[in-house]
Amino acid sequence: MAGLNAFAYMPGHTRVHRMDPRFKLAGLICLSLATVQCGPKTATGLFFGVIFVAIIGKAPAFSMIRSARIFILFLVGIILVRGAVTPGPVAFGGIIPWFSVNGLADGLLIGWRLFVVLLASAVFIATTRTSAVFSAVRWYFRPIPFVDGTRVAMMLSLMMRFIPIILDEFAGISEAQKARGVENRKNPIYRITRLIPPLMERTFARAHDLSLALVARNFGPNPTQRGLHATSGDWVGIALLISLCVGLRLMD
Amino acid sequence: MPKPVIEFMEVSHIFPGGIRGLDKVSFQVAPGEFIILCGKNGSGKTTVLRHMNALSLPTEGEVLVSGVSTKKNPAHARQVVGMVFADVRNQIVGETVADDVAFGPENLGLPEQEINHRVTKSLEAVSMGHMAERRPYLLSGGEKQRVAVAGVLAMDSRVIVFDEPFSNLDYPGVQQVLIQMVKLHKAGKTIIVATHDIEKVAAHASRVLVMDQGRLVRDGALDQVVHDIEQYGVRRPCATLLGREVNSWLA
Ligand SMILES: Nc1ncnc2c1ncn2[C@@H]1O[C@H](COP(=O)(O)OP(=O)(O)OP(=O)(O)O)[C@@H](O)[C@H]1O
Ligand SMILES: [Mg+2]
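Going down the list, the protein sequences come from chains A and B. Count along the first sequence from 1, add 674, and you get the number used in our numbering. Count along the second sequence from 1, add 27, and you get the number used in our numbering.
Mixed in with the good hints, there may be bad ones.
What the hints assert, rightly or not - Partial list, derived from the structure: chain B residues whose beta carbon lies under 10 Å from chain A:
| id | residue |
| --- | --- |
| 1 | L82 |
| 2 | L84 |
| 3 | P85 |
| 4 | E87 |
| 5 | G88 |
| 6 | L91 |
| 7 | V95 |
| 8 | D114 |
| 9 | I119 |
| 10 | G121 |
| 11 | G131 |
| 12 | P132 |
| 13 | E133 |
| 14 | E139 |
| 15 | H144 |
| 16 | T147 |
To be verified - Sample of chain B residues lacking proximity to chain A, with all beta carbon distances greater than 10 Å (derived):
| id | residue |
| --- | --- |
| 17 | E37 |
| 18 | D50 |
| 19 | R105 |
| 20 | Q106 |
| 21 | F112 |
| 22 | N117 |
| 23 | Q118 |
| 24 | E122 |
| 25 | T123 |
| 26 | N134 |
| 27 | E160 |
| 28 | G178 |
| 29 | R242 |
| 30 | H254 |
| 31 | D255 |
| 32 | W276 |
Stated by the list, open to error - If you anchor each label on the Cβ, the simulated ranges turn out as follows:
| id | chain 1 | residue 1 | chain 2 | residue 2 | range |
| --- | --- | --- | --- | --- | --- |
| 33 | B | P43 | A | T688 | 44 to 52 Å |
| 34 | A | S917 | B | E139 | 50 to 58 Å |
| 35 | A | S917 | B | P138 | 29 to 37 Å |
| 36 | A | A853 | B | Y198 | 25 to 33 Å |
| 37 | B | A214 | A | H687 | 48 to 56 Å |
| 38 | B | E141 | A | G823 | 36 to 44 Å |
| 39 | A | G823 | B | L84 | 25 to 33 Å |
| 40 | A | V826 | B | Y198 | 47 to 55 Å |
Note that these hints are calculated values from the structure, not bench results. Fair warning: this is a prediction, and the values are worked out from it, not measured in the lab. Where is the CB? At the ideal position from N, CA and C, for every residue including glycine.
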């Protein structure tokens, strides 16, 4: 179940939890935009901004990111690739001949920006109920012609309910196979062929049960919108965030 | 007799592949009854329950829920008849206990205040108010079951059906669920319990339906049907073998 705990809502009643999800989503988008092509100062400033929000919201952002190690690997990968493809003086006194100083700096900056956005998303997820996220998504899509916001929100909501099920089944099956010594088999292809069929079967069965459970409780396209109550605090919060973003970019 | 809240009229259900799940099943449920639906594995209990809230529709015949055909208005049936699934794990869809209980009322499109009110009331009714902000999948089996019941209560269902509610529960767990059932019944809800093990609920039910190979083979009070119930693969409550009253598990 550890996998399920990583990127998930952490119940709470902090100021950040109580914010209107539309404002939180707008804030997240604004912050992501601010990091586009930004310099190291902006990225670092935003980093501290995110940490500040994480502290108020009691979001365990770092432990969430730690449990999503795969993203860190991804960041390291970016740094390496940038280092390799950017021309310039060689880094590390030429120990790695193809690795340039400019590339390293470039890669670090890109990694740092992505990390800040990742951290901000983690804080957003930890402090916002999924149902509130969908209310916000639906609200934003409403004025857009030809896009059925209700559909989009419903699809997202189904997906979100479904991912934990796959992870859960995956964990259960691989545990059961470990208990029967599958790790003695070194051939990964063998292990995958033993894992995939039961995983598919169980996932489809659970999906079927889940859909019955949803239908039994009248799951439909027009549920009540939850948590869409903008307060003056929300306006102040978003104003502060936008000034931070703009201010940092201007100073960069 | 008051107007039946559920009415099965010659209901047959044939699964894709030709397997006959139900075979001309007819019975009526009056408001406020407490019914045991029993039979061995594969006899058709779950299939009967699923017809009550339009998760399955009859191939032949008709199911009426408070007078309305489930074919014509499935949403109505789902609101009147709340179902607690055999595997409650699958039933829970919210990220927190309160979220899960709110799921049904949200889908009914109720105003937010009314939803919050119902969530609080339903959680209190199953003594889970203090766990509102917990994550459901970390709860014990008995607690999950109570959350599932709260989810049904929040939809204001008049009939509550339980599919195998006692599997996986220990003695205190069974008692907790029984206490809930009796309380709900006293509050005026109609209760239907599908189980192959009638001992645990026998003392509380007023009527027993016995299924066998998709057919309804017995329908009556416990002491009327209990004598030849074992031929349908259902174990007799011990006390009835000794000619005694069945004691409540709550005693
Ligand atoms: N989707 C399906 N497709 C084909 N056959 C099915 C399907 N669902 C159930 N059946 C069959 O219908 C019959 C009745 O099933 P049902 O689940 O109602 O039994 P049950 O009395 O609830 O059994 P249990 O005590 O094991 O839960 C069984 O023989 C079962 O194999
Ligand atoms: Mg069953």
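Hint-by-hint comparison with the structure:
| no. | hint | verdict |
| --- | --- | --- |
| 1 | L82 | 6 Å, holds |
| 2 | L84 | 12 Å, violated |
| 3 | P85 | 17 Å, violated |
| 4 | E87 | 22 Å, violated |
| 5 | G88 | 21 Å, violated |
| 6 | L91 | 18 Å, violated |
| 7 | V95 | 15 Å, violated |
| 8 | D114 | 7 Å, holds |
| 9 | I119 | 8 Å, holds |
| 10 | G121 | 8 Å, holds |
| 11 | G131 | 4 Å, holds |
| 12 | P132 | 7 Å, holds |
| 13 | E133 | 4 Å, holds |
| 14 | E139 | 6 Å, holds |
| 15 | H144 | 13 Å, violated |
| 16 | T147 | 15 Å, violated |
| 17 | E37 | 24 Å, holds |
| 18 | D50 | 23 Å, holds |
| 19 | R105 | 5 Å, violated |
| 20 | Q106 | 7 Å, violated |
| 21 | F112 | 6 Å, violated |
| 22 | N117 | 4 Å, violated |
| 23 | Q118 | 5 Å, violated |
| 24 | E122 | 5 Å, violated |
| 25 | T123 | 5 Å, violated |
| 26 | N134 | 4 Å, violated |
| 27 | E160 | 4 Å, violated |
| 28 | G178 | 7 Å, violated |
| 29 | R242 | 24 Å, holds |
| 30 | H254 | 36 Å, holds |
| 31 | D255 | 34 Å, holds |
| 32 | W276 | 28 Å, holds |
| 33 | P43/B with T688/A: 44 to 52 Å | 51 Å, holds |
| 34 | S917/A with E139/B: 50 to 58 Å | 32 Å, violated |
| 35 | S917/A with P138/B: 29 to 37 Å | 36 Å, holds |
| 36 | A853/A with Y198/B: 25 to 33 Å | 29 Å, holds |
| 37 | A214/B with H687/A: 48 to 56 Å | 31 Å, violated |
| 38 | E141/B with G823/A: 36 to 44 Å | 24 Å, violated |
| 39 | G823/A with L84/B: 25 to 33 Å | 31 Å, holds |
| 40 | V826/A with Y198/B: 47 to 55 Å | 48 Å, holds |
Comparing the model with each numbered hint stated earlier shows that hints 2, 3, 4, 5, 6, 7, 15, 16, 19, 20, 21, 22, 23, 24, 25, 26, 27, 28, 34, 37 and 38 do not hold.
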